[in-house]
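Visitor: The hints should help you fit chain B onto chain A, whose structure is shown.
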Amino acid sequence: MGFFDTLLMPFTWAVSWLLSKFHQLLTLFSDDAEWAASGWNWALSIVMLVIVIRVILIPLFVRQIKSQRGMQIIQPEIQKLQAKYKGKKDPVSRQAMAQEQQALFRKHKVNPFMTCLPLLAQMPVFIALFWMLNRMRQEQYRTDGYGALSPAEVQSFDASSIFGVGTSDSFLPSFQADPTRWDVVLLTSLMIITMVLTQFFTQKQLMSKNMSESALQGQFAQTQKIMLYMLPLVFVIGGVNFPVGVLIYWTATNFWTMGQQWWVIRNNPTPGSQAEKELNLRRAAKGLTPINEKPQAAEEQREKPTGKHLGQGAQPSKKKRKKS
Amino acid sequence: MRTGASGSEPDGETAVQVWIRHADYYVPDGATPGRPGPPPTTEELRRQRWGRIRRTPSALLAGLIIAYRTVISPLYGQVCSYYPSCSAYGLEAVSVHGVLRGVPLTVWRILRCNPFGSGGVDHVPPARRIWPQGSAPSIIETNHPPIPPDDDCAPAEHDQ
Numbered sequence: 001m002g003f004f005d006t007l008l009m010p011f012t013w014a015v016s017w018l019l020s021k022f023h024q025l026l027t028l029f030s031d032d033a034e035w036a037a038s039g040w041n042w043a044l045s046i047v048m049l050v051i052v053i054r055v056i057l058i059p060l061f062v063r064q065i066k067s068q069r070g071m072q073i074i075q076p077e078i079q080k081l082q083a084k085y086k087g088k089k090d091p092v093s094r095q096a097m098a099q100e101q102q103a104l105f106r107k108h109k110v111n112p113f114m115t116c117l118p119l120l121a122q123m124p125v126f127i128a129l130f131w132m133l134n135r136m137r138q139e140q141y142r143t144d145g146y147g148a149l150s151p152a153e154v155q156s157f158d159a160s161s162i163f164g165v166g167t168s169d170s171f172l173p174s175f176q177a178d179p180t181r182w183d184v185v186l187l188t189s190l191m192i193i194t195m196v197l198t199q200f201f202t203q204k205q206l207m208s209k210n211m212s213e214s215a216l217q218g219q220f221a222q223t224q225k226i227m228l229y230m231l232p233l234v235f236v237i238g239g240v241n242f243p244v245g246v247l248i249y250w251t252a253t254n255f256w257t258m259g260q261q262w263w264v265i266r267n268n269p270t271p272g273s274q275a276e277k278e279l280n281l282r283r284a285a286k287g288l289t290p291i292n293e294k295p296q297a298a299e300e301q302r303e304k305p306t307g308k309h310l311g312q313g314a315q316p317s318k319k320k321r322k323k324s
Numbered sequence: 001m002r003t004g005a006s007g008s009e010p011d012g013e014t015a016v017q018v019w020i021r022h023a024d025y026y027v028p029d030g031a032t033p034g035r036p037g038p039p040p041t042t043e044e045l046r047r048q049r050w051g052r053i054r055r056t057p058s059a060l061l062a063g064l065i066i067a068y069r070t071v072i073s074p075l076y077g078q079v080c081s082y083y084p085s086c087s088a089y090g091l092e093a094v095s096v097h098g099v100l101r102g103v104p105l106t107v108w109r110i111l112r113c114n115p116f117g118s119g120g121v122d123h124v125p126p127a128r129r130i131w132p133q134g135s136a137p138s139i140i141e142t143n144h145p146p147i148p149p150d151d152d153c154a155p156a157e158h159d160q
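Here the protein sequences come in this chain order: A and B.
Position 206 (the first sequence) corresponds to 206 in the working numbering; numbering is contiguous.
Position 89 (the second sequence) corresponds to 89 in the working numbering; numbering is contiguous.
For the record, the hints were derived by calculation from the structure and aren't laboratory data.
We put the CB at the ideal spot given by N, CA and C, even for glycine.
Hints are not guaranteed to be accurate.
[Claimed, not checked] Cross-link-like lysine to aspartate or glutamate pairs, in silico, EDC-like; alpha carbons within 16 Å at most:
1) 80(A) - 150(B)
2) 107(A) - 77(A)
3) 209(A) - 278(A)
4) 84(A) - 29(B)
5) 21(A) - 153(A)
6) 109(A) - 77(A)
7) 88(A) - 122(B)
8) 84(A) - 150(B)
9) 86(A) - 122(B)
10) 109(A) - 141(B)
11) 209(A) - 276(A)
12) 107(A) - 122(B)
[Claimed, not checked] Derived CB-CB ranges, DEER-like:
13) 38(B) - 77(A): 34 to 44 Å
14) 55(A) - 112(B): 27 to 37 Å
15) 263(A) - 112(B): 28 to 38 Å
16) 290(A) - 38(B): 56 to 66 Å
17) 138(B) - 290(A): 49 to 59 Å
18) 35(B) - 229(A): 45 to 55 Å
19) 78(B) - 150(A): 45 to 55 Å
20) 35(B) - 263(A): 47 to 57 Å
21) 63(B) - 197(A): 45 to 55 Å
22) 111(B) - 148(A): 24 to 34 Å
Extracted from the complex, chain A is given alone in its bound form:
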């Protein structure tokens, strides 16, 4: 056991335990012995692992959505702040702007780093799965077992295959192998393309439907655009190195994200977005009142009394009046 094994131990153990349990369950329900021995049960176990992980991550996703919403809602205020400090490039003003911006984030409970948290939180699982699949090819673990997997399970997992492609095979080595393993190349390429497409679609849908008009301009939209083109690139670079088992995980998790996003956009769209208009049209067709009517009215009322704090600052400003 190397240093990395020890470091990843909690994750590999949890992942392998879940996989082992799911596989036992699936084997129990498999009437056909041939099916039970095939890689499909393992592939399905990985999909079930995705479901468990993503269900656990739902609260995190809710926080992410809230943070994103807040980020979009405060865009007008951010733009106001940028206008206030426009042309002031000296360090003192930049510091002052940074301070005001952080105060704004805090006020609206926005954390810019919340956006990529669900992705980051899955990283240990990705890595554990990747590590485990590599370890299973080694002779030592076929007799010792790995994590919560028994030796028999390790052997079964390592030997498992879908469409004749092993769960531990990956694109690059198969492509470089002397007789190129076209079956592996084809399957992994298909999966990578699926991953890229689902990611692209998810992001595109978010941008075209679920962003308010003010959020579509400015820096936030720019970041989203970078995500739109950068993440597929990451998937391609990562994908060619990852074994089929990890690709199954990644593709399944992307499908989950897509479905989750679709549901949110349909039922709980961002105020002021295209999706909200569509939802209100659907509601109107059913004879229901449009959503978000009341909160907006309340917001307008809340904004009015802010003129109050003229109290202390008003005195010195009177001198300026002579000019205008």
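Guide: Here is chain B on its own, set in the frame of chain A:
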């Protein structure tokens, strides 16, 4: 040290010297931070002198943080979820509170600076240290910039 000799009548010599308290930098938005308050009491003047044992580790650590801020920090860009950033916070904390109080404050801040935290403006708690005007560490001024008042009031002016 020499003030001890003229202890009965310190005003004649020290009245010229203006002192800045760390707390003078904590002002509401729109006000100018770092304006000297009332002249310090003898107790505050006594506190101001940090002995070598207190000064040296603080200066060493501050030097390390400054090196980090000039060499390594720019590589990352803005990644902290707080204002001031963790390194700016640490530098101020160590400079105004000393190592014994500054280091735990900084460690606690770094632990709080994670995606689950709420972020926002989080200044170093005010210290009791005072400096002769102009010789306070520059990080304090960096971390406490004057916040200009909002322009919201401007249209009201034109209406009149």
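Visitor: Evaluate each hint against the coordinates.
Guide: The hints, checked one at a time:
Taking the CA atoms of residue 80(A) and residue 150(B), the gap is about 10 Å. The hint holds against a cut of 16 Å. A hinted pair counts as satisfied when its Cα atoms are at most 16 Å apart, and residue 107(A) with residue 77(A) qualifies at roughly 12 Å. With a CA separation close to 9 Å, the supplied pair residue 209(A) and residue 278(A) stays within the 16 Å bound. Under the criterion of a C-alpha separation no larger than 16 Å, the hint pairing residue 84(A) with residue 29(B) is consistent with the structure, at around 14 Å.
Straight-line distance between C-alpha atoms of residue 21(A) and residue 153(A) comes to about 11 Å, which keeps the hinted pair within the 16 Å bound. With a CA separation close to 14 Å, the supplied pair residue 109(A) and residue 77(A) stays within the 16 Å bound. For the suggested pair residue 88(A) and residue 122(B), the alpha carbons sit about 24 Å apart, so the restraint of at most 16 Å is broken. Between the alpha carbons of residue 84(A) and residue 150(B) the distance comes to roughly 8 Å, so the proposed pair stays at or under 16 Å and holds.
Between residue 86(A) and residue 122(B) the CA atoms are separated by roughly 25 Å; this puts the pair beyond 16 Å, and the hint is violated. Restraint check: the Cα-Cα separation between residue 109(A) and residue 141(B) comes to about 27 Å, which exceeds 16 Å; the hinted pair is violated. Simply put, residue 209(A) and residue 276(A) have alpha-carbon atoms about 8 Å apart, close enough for the 16 Å limit, and the pair holds. For the hint linking residue 107(A) to residue 122(B), the alpha-carbon distance of about 13 Å falls within 16 Å, and the restraint holds.
As the Cβ distance of residue 38(B) to residue 77(A) is approximately 38 Å, the hint placing it in 34 to 44 Å holds. Against the hinted window of 27 to 37 Å, the Cβ-Cβ separation of residue 55(A) and residue 112(B) comes to about 29 Å, which satisfies the hint. Our hint of 28 to 38 Å for residue 263(A) and residue 112(B) holds, since their Cβ atoms are close to 33 Å apart. For the hinted restraint 56 to 66 Å between residue 290(A) and residue 38(B), the CB-CB distance of approximately 59 Å keeps it satisfied.
Checked against the hint of 49 to 59 Å, the C-beta distance between residue 138(B) and residue 290(A) comes to roughly 55 Å, which is consistent with it. The given range of 45 to 55 Å is respected by residue 35(B) and residue 229(A), whose C-beta atoms sit roughly 50 Å from each other. Between residue 78(B) and residue 150(A) the CB atoms are about 49 Å apart, so this pair conforms to the stated range of 45 to 55 Å. The given range of 47 to 57 Å is respected by residue 35(B) and residue 263(A), whose C-beta atoms sit roughly 55 Å from each other.
Checked against the given bound of 45 to 55 Å, the beta carbons of residue 63(B) and residue 197(A), roughly 53 Å apart, stay inside it. Between residue 111(B) and residue 148(A) the CB atoms are about 32 Å apart, so this pair conforms to the stated range of 24 to 34 Å.
Hint check: violations occur at hints 7, 9, 10; the rest are consistent with the structure.
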